[in-house]
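2 protein chains.
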Amino acid sequence: MSFEIKEKDLLGRIGKLKTKSGTIETPLLFPVINPSVQPVPPQRLKDVFGFEAVITNAYILKKRYQNKPVEEGLHKFLNFNGATMTDSGAYQILVYGDVEYSQKEIVAYEENIGTDIATILDIPTGWRVTKEQAEVTVAETHKRAKEFFNLKTREDILWVGPVQGGKHLDLVAASAKEMGSLPFNIHALGSPTEVMENYRYDVLAEMILTAKKGIPIERPLHLFGAGHPTMFAIAVALGCDLFDSAAYALYAREGRYMTENGTWRIQEMDYFPCTCPRCATETPKTLMIKPAKDREIFLAEHNLWVCIAELKRIKQSIRDGRLWEHVEMRAHTHPALLSALKRIKNHKDFLEMYSPSIKSSGFFYFDHEGLARPEITHYQNRLLTRYTPPTTAKTLLLLPQTRNKPFHKAPEMKKIRQLLRILGPELADKVHIAVFCAPFGVVPFELDEVYPLSQHEAVLPLDLETIGHVADQTIEYIKQMPYSSVTMLNNPKVWSNYVESAARKACTEKGIAFDAVEANEISSRQLIANLKAALLKQLSN
Amino acid sequence: MSFEIKEKDLLGRIGKLKTKSGTIETPLLFPVINPSVQPVPPQRLKDVFGFEAVITNAYILKKRYQNKPVEEGLHKFLNFNGATMTDSGAYQILVYGDVEYSQKEIVAYEENIGTDIATILDIPTGWRVTKEQAEVTVAETHKRAKEFFNLKTREDILWVGPVQGGKHLDLVAASAKEMGSLPFNIHALGSPTEVMENYRYDVLAEMILTAKKGIPIERPLHLFGAGHPTMFAIAVALGCDLFDSAAYALYAREGRYMTENGTWRIQEMDYFPCTCPRCATETPKTLMIKPAKDREIFLAEHNLWVCIAELKRIKQSIRDGRLWEHVEMRAHTHPALLSALKRIKNHKDFLEMYSPSIKSSGFFYFDHEGLARPEITHYQNRLLTRYTPPTTAKTLLLLPQTRNKPFHKAPEMKKIRQLLRILGPELADKVHIAVFCAPFGVVPFELDEVYPLSQHEAVLPLDLETIGHVADQTIEYIKQMPYSSVTMLNNPKVWSNYVESAARKACTEKGIAFDAVEANEISSRQLIANLKAALLKQLSN
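Chains as they are written, first to last, in this note's numbering: chain L, 1 to 541; chain U, 1 to 541.
Do not take every clue at face value.
One copy or two, either will do: identical chains are not told apart, so a pair holds if it fits within one copy or between any two.
[Unchecked claim] In silico DSSO-like pairs for lysine-lysine, Cα to Cα no more than 27 Å straight-line:
#1 K479 with K359
#2 K8 with K285
#3 K104 with K532
#4 K131 with K493
#5 K290 with K348
#6 K359 with K285
#7 K342 with K414
#8 K394 with K537
#9 K348 with K409
#10 K6 with K285
#11 K8 with K479
#12 K18 with K285
#13 K493 with K348
#14 K505 with K479
#15 K537 with K8
#16 K505 with K359
#17 K16 with K285
#18 K285 with K46
For the record, the hints were derived by calculation from the structure and aren't laboratory data.
Given the structure is predicted, the values throughout are model-derived calculations rather than measurements.
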């Protein structure tokens, strides 16, 4: 195995990828090296910035430099002593329709220059293509992939098998399955460039997740052309391990300043919102009077520092089990990213399957987007498939969440304990207490210390979708569990009547009794009396 | 005037504050200097980090160093050639109940050491105090403030008048009004430390906004004790100009690593998610083997870099008119910050009054929290108070928003132009077209290029509160405008039936005709025919 997974969160992971030039840590960004116009020398990328690997284009090398990289070897040619990856010219096929080399020639060239990671010459699908055209690219890519295994002669290079299909998700699924069945070391999602240029990150999210479901989960996935730090977090969360960036240099040439939150033109800047070693000693004013070439190098280096910082934030988040929080924050830098985040709920079971659901730390719940979190899916599935209330339970006493957790230790619960004492042990045994809470739905009292039922913090006031979700979960719970009645304490300030109506409806449909007591603006004494009356009525039926 | 406002966004501003030791730019963070344990020398704060001002505590100076700072002068004593601010011992009153110096002594000391900005000896309210106790602190602070103006002898020092009242907002309002009526140069919100320690940023937001409404808007506002970069953005947006941080040093002593997104203990870190000059050349592993003192200095300096970067991000956002976006992103780093953001809608008219509503760039709309944006309030107020439809308009044709903007130029509108041609000029004149869209509500076609009606991007799918808001705005619009009927084209995929039901209800209540046509899954030809039939029916009534 060339790829070893060290830490996981969501579909993101910190991994070690073994190449013949050393082991590199993922998630990883390959800066794109263009030997003819390279603003930052490759070896400086490693020594100063810490990039362990770079990518360059074998097709362009062959066309421009012919045999020189073969004679010198790619590492010496680039003057880079880390790991190298080569692309194959497939992107040029997308742009120009065809290239003048066959796959056989490209594969031989990649082997001969001794790259560490290499790409077959696939046929990118592109963005504005019909399903029929897309089918052709998928079929041709698969054909070339199979051919490739007869062409390759070296065993020490890691080969990348791109998944095509574009926005046609059934084709992406088929392509992923086919490519995944071949013995590639790495997969890539083919040409998402145009999808990203059109800011259709929602479509991109579906493409990535569809590809992930088809390829073996233990192989790394490269997202070609994704070089902007705003989208690293969501791409990693969806299972991308490798990225490449020509953007750091292209943006620099155009005077554009990247940040993890967006892009500026330097003319628009009064401040550098950054502390990288370049920005710490420069202002936009001092930069603007420097020669154009110096500005370009400044920007290229700044752009690289920003990419590195974001990857480190992502890695630390994975290690902390807080990648979701990081993604959610970053998704609020561009509407297209938040649209993408909203798609994840369509795949929440897949996410839950491969993501750790027990963690060392709690989590923050902001908004209904968070309902796709694996911790929530995990709890809800288990509750409905594995849980049964205590056998003595006749009536369900459903209480609203408290600010303090665990719920059963919250100060508000003093009243409830008092109520149970008043009822006496025999009746109290027939009352089963559960809390309805965001984002989990119904939490039986005896489970409320199980992770993460007390180890989370939800934003108040709740958003309507979240309230609706809790209402839906309450319906499910009541329908499935063998109570003969339900008594609910509602807190309309937080929940309005959504959960109460839902619970009432579920009881009516099930043909069991339902009663609700309001918590607002009454004394503890009155509250206990009301709850007691309701419970006694239920239990006497 | 010692304070000049250069740029504004929301209630935040970039300002120039003139002190006798030079002009400093706000929003500004004063690092707290503790002369007896100071991890970073004051002059280094200026020369390397660019801090133009520092703060120290006059009460502690007087107690520990007595006359030395008087003899040397504060600047020489601290060895700092920028601007200095002094606190007065009020925080020590809060913690210890009282201090051994009178206000008279403290004020004289502050004048004698020659600080540039000084604080009166007010009485902080604190957090867990009854309304009666709080009233005493407010009254006593006001009494001392009035006394102070008889004590001061120098005219070249900027004096800070703190606003007290704690969480009791009516007291805060009264205190702000009283303190604001006195000739202070700067105000401060007294002792929010405990509010922040309890993560009640929602309460803090209300306190800040209440104080802002009482004090003269043109004076800077200092938020005492707010030293964590996660909350600078929202505090600036609410109108705070000055901050002080002892946290950078206190956190460093406790091994805590600040970021703009939260805090880590260094033992928990595998990566430094930062590119500051310190973090660029260090890893948690290499740091952990260094001597404790070096670690502390490393952390203090890193913490300061992080604070600087966040302030620069905030300033650039103000300059770009994108402070709301920055705040919204940052609010997704902690539930308490998002809870605070949710409070702003209670003050949206105040925000609109002092915030520019015309900007050079468009904006991003993520979620219903954004409904508090001044651009939206501004448009809606003007539409309902100043707009009337063309006089020929009989029926309102209400169309759903398009992805492309301006709406009237979107490809989907080709059908509508065709429809108008079919109707002929006479009938077409009686049809007034408007679009219902998030987040603005109803936008008449002829206004759709007015800023920011085409210069925004909203996340799809929309959240329920936003849909509800558009429905409410549609009701308001229909009720107020003199149409004799409404025809609506609904797109249930985006809007479900919320806006349609709202429009129907408004028409019924008003006693005018309403008809709706569904846009989904029908041909253009069919759509035009359906709309034509509906309009002809309306116009023939």
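Status of each hint after checking the structure:
For the identical chains of this complex, K479 and K359 are neighbours neither inside a copy (31 Å) nor across copies (53 Å), given an alpha-carbon limit of 27 Å. Taking identical chains as interchangeable, the C-alpha atoms of K8 and K285 lie at most 27 Å apart only when they sit on different chains, with a minimum of 21 Å there against 43 Å within one chain. For a Cα distance limit of 27 Å, the shortest separation of K104 from K532 qualifies neither inside one copy, at 82 Å, nor across copies, at 61 Å. Proximity of K131 to K493 under the C-alpha cut-off of 27 Å is restricted to the inter-copy arrangement: shortest distance 24 Å between copies versus 51 Å within a copy.
For the identical chains of this complex, K290 and K348 are neighbours neither inside a copy (51 Å) nor across copies (44 Å), given an alpha-carbon limit of 27 Å. Taking CA atoms no more than 27 Å apart as the test, K359 paired with K285 passes between copies only; the shortest distance there is 23 Å, against 47 Å inside one copy. Taking identical chains as interchangeable, the C-alpha atoms of K342 and K414 are never at most 27 Å apart, the minima being 40 Å within one chain and 31 Å between chains. When the C-alpha separation of K394 and K537 is checked against a cutoff of 27 Å, the pair qualifies only within one copy, where the shortest distance is 12 Å, while the shortest distance between copies is 60 Å.
In this assembly of identical chains, the alpha carbons of K348 and K409 never lie at most 27 Å apart, being 31 Å within a copy and 38 Å across copies at closest. In this homomeric assembly, K6 and K285 come within 27 Å of each other (Cα to Cα) only across copies, at 17 Å, whereas the closest approach inside a single copy is 44 Å. Proximity of K8 and K479 under a CA criterion of 27 Å is satisfied in neither setting, with 35 Å inside one chain copy and 55 Å between copies. For the identical chains of this complex, K18 and K285 are inter-copy neighbours only, at 22 Å across copies versus 45 Å inside a copy, given an alpha-carbon limit of 27 Å.
In this assembly of identical chains, K493 and K348 lie within 27 Å of each other by CA distance solely across copies; the values are 22 Å between and 30 Å within a copy. Proximity of K505 to K479 under the C-alpha cut-off of 27 Å is restricted to the intra-copy arrangement: shortest distance 10 Å within a copy versus 35 Å between copies. Neither within a single protomer nor between protomers do K537 and K8 lie at most 27 Å apart by alpha-carbon distance, with minima of 51 Å and 62 Å respectively. Taking the closest pair of Cα atoms, K505 and K359 never come within 27 Å of each other, the shortest separation being 36 Å inside a single copy and 50 Å across copies.
Proximity of K16 and K285 under a CA criterion of 27 Å is satisfied inter-copy only: 18 Å between copies versus 42 Å inside one chain copy. Taking the closest pair of Cα atoms, K285 and K46 come within 27 Å of each other only across two copies (19 Å); inside a single copy the shortest separation is 30 Å, beyond that limit.
Consistency note: the structure conflicts with the earlier hints numbered 1, 3, 5, 7, 9, 11, 15, 16.
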